[in-house]
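Protein chains in written order, with the numbering used here: chain A, 144 to 326; chain B, 21 to 64.
For the record, the hints were derived by calculation from the structure and aren't laboratory data.
Hints are not guaranteed to be accurate.
Simulated pairs of lysine to aspartate or glutamate, DMTMM-like, Cα-Cα distance not exceeding 25 angstroms [stated by the list, open to error]: (1) A/K198 with B/D30; (2) A/K173 with A/D195; (3) A/K173 with A/D159; (4) A/K147 with A/D195; (5) A/K198 with B/E31; (6) B/K52 with B/E39; (7) A/K198 with B/D29; (8) A/K173 with B/D29; (9) A/K173 with A/D188; (10) A/K325 with A/D188; (11) B/K52 with A/E266; (12) A/K173 with B/D30; (13) A/K173 with B/E31.
Small disclaimer: the values here were computed from a predicted structure and weren't measured.
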Amino acid sequence: MAIKTFTTGEVLTASDTNTFLANAGLVYVKSQTVGSGVSSVTVNDAFSSIYDNYKVQYIGGTGTGSSVLQFNFTGTNGAAGWYGNLFYANFLSGAALTAGYNGIGAITHAGGNSNGRWNMNLELQGPFLSAVTFLSSPYADGNNAGNMSGFHSFANSYTGFVLTPTVGTLTGGTIIVYGYRKA
Amino acid sequence: MSRPLIQIDDEVREMTDEEYTQYLELQANLPKPLGQADDASEPS
Chain A
144 MAIKTFTTGE VLTASDTNTF LANAGLVYVK SQTVGSGVSS VTVNDAFSSI
194 YDNYKVQYIG GTGTGSSVLQ FNFTGTNGAA GWYGNLFYAN FLSGAALTAG
244 YNGIGAITHA GGNSNGRWNM NLELQGPFLS AVTFLSSPYA DGNNAGNMSG
294 FHSFANSYTG FVLTPTVGTL TGGTIIVYGY RKA
Chain B
21 MSRPLIQIDD EVREMTDEEY TQYLELQANL PKPLGQADDA SEPS
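Using the sequences provided together with the hints, build the complete structure.
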């Protein structure tokens, strides 16, 4: 039961409002304000059985210009389970380039830093399911742009994640988690 | 010796020794910066 067609003059009850109008396709789950000068941020209770697929965004924070964001699930302790590629091009040359991740402890280039400002728009498929998790994220920094895709090879269920900059720290901004409604 | 700060949900504090060890391991295995040669191979 996903939709309802209301007729003219029909009473809009609280139950119908909560069921059909409040829950859109992309549903807000939680947000986390990032502190000042932190070397990593962990967000717990982000994933659950309510949704299979998620969008995780980070915007508004500042950091070192050469730094990129690494993403990992909580509880993995850096075990080498991430595989993927970043396809990108330099703004100046335009030549297509790649960077590969062949069994590393945290997926890199989940987000970038341009002019000292962070950005991340990560799509996750199945992080809470006890199965391989797939992810993708557009990438942009001060010199390059592209797209990162990959997967986490452990068939485990995860409820949270951690963001770690490769250089320096994170200051400010907000991490927001959305779930894709299933029904 | 002070440790780097870590944030877990709303809590910000210094890393524990174990967290700092894991952080250093992660930093030691970073992929090369963009623009440098990198070997990408098929995952097993």
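- prompt: What are the numbers of the hints that this structure violates, sorted from low to high?
  reply: Of the numbered hints given earlier, the structure breaks none, since each of them holds.
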